[in-house]
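Asks: Chains as they are written, first to last, in my numbering: chain A, 1 to 548; chain B, 549 to 837; chain C, 838 to 1223.
In short, the hints are calculated from the structure, not lab data.
We put the beta carbon where it would ideally sit given N, CA and C, even for glycine.
A couple of the hints might just be wrong.
Label pairs and their in silico Cβ distance ranges [said to hold, decoys possible]:
| no. | chain 1 | residue 1 | chain 2 | residue 2 | range |
| --- | --- | --- | --- | --- | --- |
| 1 | B | Q624 | C | A923 | 39 to 45 Å |
| 2 | C | T952 | B | E680 | 41 to 47 Å |
| 3 | A | I483 | C | G1069 | 50 to 56 Å |
| 4 | A | V499 | B | Q624 | 32 to 38 Å |
| 5 | A | V499 | B | K564 | 23 to 29 Å |
| 6 | B | T588 | C | D1123 | 46 to 52 Å |
| 7 | B | G763 | C | S1003 | 51 to 57 Å |
| 8 | B | V836 | C | W894 | 55 to 61 Å |
| 9 | C | K1221 | A | I483 | 41 to 47 Å |
| 10 | C | I891 | A | K504 | 50 to 56 Å |
| 11 | C | V959 | B | E673 | 57 to 63 Å |
| 12 | C | G1069 | A | V439 | 19 to 25 Å |
| 13 | C | I891 | A | D537 | 28 to 34 Å |
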Amino acid sequence: MSIESTHSHDNDAHPAAPGDHHDHKPTGFFNRWLFTTNHKDIGTLYLVFALIMFFIGGGMAMVIRAELFMPGLQLVEPDFFNQMTTMHALVMVFGAVMPAWVGFANWMIPLMIGAPDMALPRMNNWSFWILPFAFTMLLSTLFMDSGGPAAGWTLYPPLSLQGGQSFAFVVFAIHMMGISSIMGSINVIATILNMRAPGMTLLRMPLFVWTWLITAYLLIAVMPVLAGAVTMLLTDHFFGTSFFNAAGGGDPVMFQHIFWFFGHPEVYIMILPAFGVVSEIIPTFARKPLFGYAAMVFATASIAFLSFIVWAHHMFTVGMPLMGELFFMYATMLIAVPTGVKVFNWVSTMWKGSMTFETPMLFAIGFVVLFTIGGLSGLMLAIASVDLQYHDTYFVVAHFHYVLVPGAVFALMAGTYYWLPKWTGHMYSETWGKIHFWVSTISVNILFFPQHYLGLAGMPRRIPDYSTQFADFNMISSIGGFIFGASQLIFVGVIVHCVYKSRKAAQGLVWEGGKGLEWTLSSPPPYHSFNTPPLIDPTTISHPEEAH
Amino acid sequence: MAHHADDQYYVPHGTKWPIIGSLGMITMLASAAYWVNDSTVAPWTFLAGALILIYMVFGWFGEVIRESESGMYNDQVDTSFRMGMLWFIFSEVMFFACFFGALFYARVFAVPWLGGEGTGAYTNELLWRGYESVWPTAGPDQLGGSFQTIPAFGVPFINTLILLASGVTVTLAHHALKKNNRGALVSWLLATVLLGFVFVFFQIEEYKEAYQHLGLTMGSGIYGSTFFMLTGFHGMHVSLGAIMLLVIAIRCMRGHFNPEHHFGFEAVAWYWHFVDVVWLGLFVFVYVY
Amino acid sequence: MKKQNTFIVAAAVTAAVIAAFWLILAAPGYTGNEINMTRGVTSQSVINYQLHMIILWICVIIGVIVFSAMFVSIVLHRKSKGHEAAQFTHSTKAEIVWTVIPVLILIGMAIPATTALINMEVAPETEMTIKITGFQWRWKYEYIEDEIQFISSLDSNSNAARRLASGTDPEDVDHYLREVDKPLVLPTETKIKFLITADDVIHSWWVPALGWKRDAVPGFINEAWTEIMEPGVYRGQCAELCGKDHGFMPIVLNVLPHKEYDAWVNEQKQLMAHEQANVDRLWSRDELMELGENVYATQCATCHQADGLGLAPAFPALAGSEVSKGPIGVNIDVVLHGRDGTAMQAWGNMLSETDIAAALTYTRNAFGNETGDVIQPQTIARIKNG
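Chain A on its own, in the form it takes in the complex (with noise of 0.2 Å):
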């Protein structure tokens, strides 16, 4: 097979093996990981990075759940409750989902495109050892006098500006991680288009590559417009502007059109590397193309586009003249054509393939199920009018949960089970990892479905006690949530046998039906990915192009 033969050609070429003059892995704990400029292990830092903060966001969603296991206050206050909710989010966003997509990046760009490295790898260290600091200065936060941020991760004024010392940490916070971002995604637009390696056209670049390229653009357009906006609400708490105080001639609803300008893209800033992912695990596993690589390219560019221009269909019950509802609320319709195209291709490349159901393909088909239900509810949530309904309430909850934890999440395990052998050069348990699976994917759906019903029945989001009507759709969403949190230790077991105890080897070529540069290298590759470019010719690029 010819994949084999360019695997062992690349080897024979460019002998790249650990141990020979190539290999600069620097030896001692802080020489590697501190001032480390290798793309790998700043990948694997953000990874692990990400790990540890699911964990903590993941601690705070169980004292939520906990809470609203049953009516009345038994835990904690509600001061403290609105804590865990803020932090919750801030964490599992900025924190866990951003920064773990990042790792992907880090680890998987220079391979797909044939790259020795990531273009700035000084810079890629800083963008991530910037996010421990930012980090700690968010979390401690929650020790103060004042306590942590309490008004939502949308920190909506006035409320926000009630918070008292904690404010500024949290803002400050907050520029750190854009500081961050934005470094980090030029670093990836620069490594995507100066680094590919000759023959390696724009079209020829694997989805993921691709998802992230406009992934970047969003981020380095909207994360100076959030650090501005803390910015506003930083001297508007300390230095008495009136940005968002009418009495001045402000408006509070001012914050939310720019919160919300770099808040939609920031939704699909966690998503679209997602489509990304699952674009190359189902095709590896469906001993298939990818349908429509074209169709698919265009629609993620589509859908980015889009992102700029529905961002107060997040405010519909603000009071915005009708025009400006009605307006976005068919920008924010016409989303579901793109996003339909995705799933359409999803399920044309599984049509007629020779599917096996390992691990990432079960986390991919079950992204593509519980995706799409949460982009139904979106195309409900868009109709302006019942929104006055929805809104605020658990269906919302509901909803962003749906295309976050079974959306965003199951795709970074589907990409994690998919190249962890890749990465270490072992193979994970498949055993343990199925039972991962479907404990999660069953949970999850007792965890965050009934929210819909909830939501429906008139229970507001960002509560902590509720009228004894809503009991039991709360403890069964509760029950969902322990054992998903509980089942997330099945994970970490699987990755930490798979790094230090597994025995059973990963070949160059992990997956029968994997296609693409990375599955060309050696597991784990070497050092610097490669040192010298690839030949690019279509066995060694990860969707065949089409044939017109």
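Since the structure of chain A is provided, determine the placement of chains B and C on it from the hints.
Replies: Frame of chain A, contents of chains B and C only:
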């Protein structure tokens, strides 16, 4: 490093600068947070953090400059740097876009609504009776007291000419560099730096005038807020740009750059033009219109 | 073979769980309030309910088609069954079809969605006006034409039961967290305009039976309208996070037929006259202390706590406080006008002069403050009216 052939992409091996930068950044920002909460020690730790950051910048860029001067970067590396700078400037554009957005929103929507226009009839009648939508405004409660604005065709206009002139001088410096005319290069660069600092000086004088005589402060409602936020961040960028130009001028005096390879120069020149363009937007929408 | 069976069983279980949830939700005609959106009692709520069901069904049908295709493929096109992979890569025709058909479906949705939104936003000529103001954490209602106004807060039973580890089972409390001391009383079959705003932070006024919610934004007034068809009690609550007691500011509507409503209005007017008489007369210390204890318990104890010790750091103690023991004038000023940048509100807009005088007398003499001051409602009225 001999085995890094010219056609190979230069990948540095380990660097201590980022972690130093992070330490400086957390020291500075955590201090800033304590500072706004009235800590008396924080200004000093803030300074310490800033010094660490400056040390980091010199160390990091010094290393890059040494590598560059010793010919370790090929054209591909050069392109990476160019893309990096370009997209960094784009992120800065979006940062300013955020504040311009706030200005436009306030002028087009918020203030007219408070004054009873559009959907604001009840808002005006029941909450802010008697308030009329005007610009500039300190809002219906006249927060910060009455104030006067800085006339556009005084110092701000002179500052516009200064920045435009500095855009010309930096371009002349670039041409001189391309012709390898070192004397002209350094002179034009220093002229640019001087114009930059003159601009900042005038801006500081304007701020003093605003605070001491015009009653215009950050607390002067939405006008004061947008005015100081936009001009303040712009002034900080001009100062930073002028310092960067100064560093480039010193490098030129030391014989760095050549007519073909002078990305450091170009990056700072781009940045300077960006700061220039932002000012034009400011002059039109903050001062004139 | 065994492996495959496990897979099918597990897939079936998951599919069944999801399908069961969807079917319960989508069951035709099911309007159970525990599980689906209410039909409500206004034209807007009925339109929204119908629109909700139409779109839900469209989504369910799309979901069923897409997932069926996928599961058929999963069952048939698997390697273990020896299925060979086809190698087709794209079809422009297919891409066009599944772009155009969704666009057509969306246009079909957009038409009723647009009319519904216009009906929601463009108010007809209305017959009466209610101004609603959100406070942390209660609602103030003003009947503009009838000049009636009052504050509506969480009722005392729920308020006691909702304390952390209160020992009261919420099941034993009537309408736990959905009951207020004074409901908003409205007439049926009357077109009512709502003018919604807030005093401190953003709130959102939501009664599902009316079919909409609207944010209460400080400094701005949002408009909404309704016409309620059936008398009854309708419950809702604040829908926008507004601080620690966001979950504890319910809304209760008591909708009465015209005649009963008119009677209620008259009764309120008499009460207000009575209230004016209260302000005019002199009160004894005991009277004030007794009323003050009540007012404190319902209005102040949320933050300053029943024992007057507050909740550090946001909510200061009153026991031994410089304000409660200091000059009366300062204390009255703080209570009437609130404190900027804190949760202390301007109570002058919310409570009657009598209630404020009583609460002040109480806090200046309780918790060991023993100032001996007696503050008369007249005094408050005089200061308030300048």
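Asks: Work down the list of hints and note, for each, if the structure agrees.
Replies: Hint check results:
1. Q624/B <-> A923/C: 39 to 45 Å: holds, 40 Å
2. T952/C <-> E680/B: 41 to 47 Å: violated, 37 Å
3. I483/A <-> G1069/C: 50 to 56 Å: violated, 40 Å
4. V499/A <-> Q624/B: 32 to 38 Å: About 34 Å separates the Cβ atoms of V499/A and Q624/B, which means 32 to 38 Å holds.
5. V499/A <-> K564/B: 23 to 29 Å: Roughly 27 Å apart at Cβ, these two residues keep to the hinted range, so it holds.
6. T588/B <-> D1123/C: 46 to 52 Å: At 50 Å between Cβs, range holds.
7. G763/B <-> S1003/C: 51 to 57 Å: holds, 54 Å
8. V836/B <-> W894/C: 55 to 61 Å: holds, 56 Å
9. K1221/C <-> I483/A: 41 to 47 Å: Distance hint for K1221/C, I483/A is violated at roughly 57 Å.
10. I891/C <-> K504/A: 50 to 56 Å: Given about 53 Å between the Cβ atoms, the range holds.
11. V959/C <-> E673/B: 57 to 63 Å: For E673/B against V959/C, whose Cβ atoms are near 20 Å apart, the range 57 to 63 Å is violated.
12. G1069/C <-> V439/A: 19 to 25 Å: violated, 45 Å
13. I891/C <-> D537/A: 28 to 34 Å: violated, 52 Å
Violation of the numbered hints given earlier is confined to hints 2, 3, 9, 11, 12 and 13; the remaining hints are satisfied by the structure.
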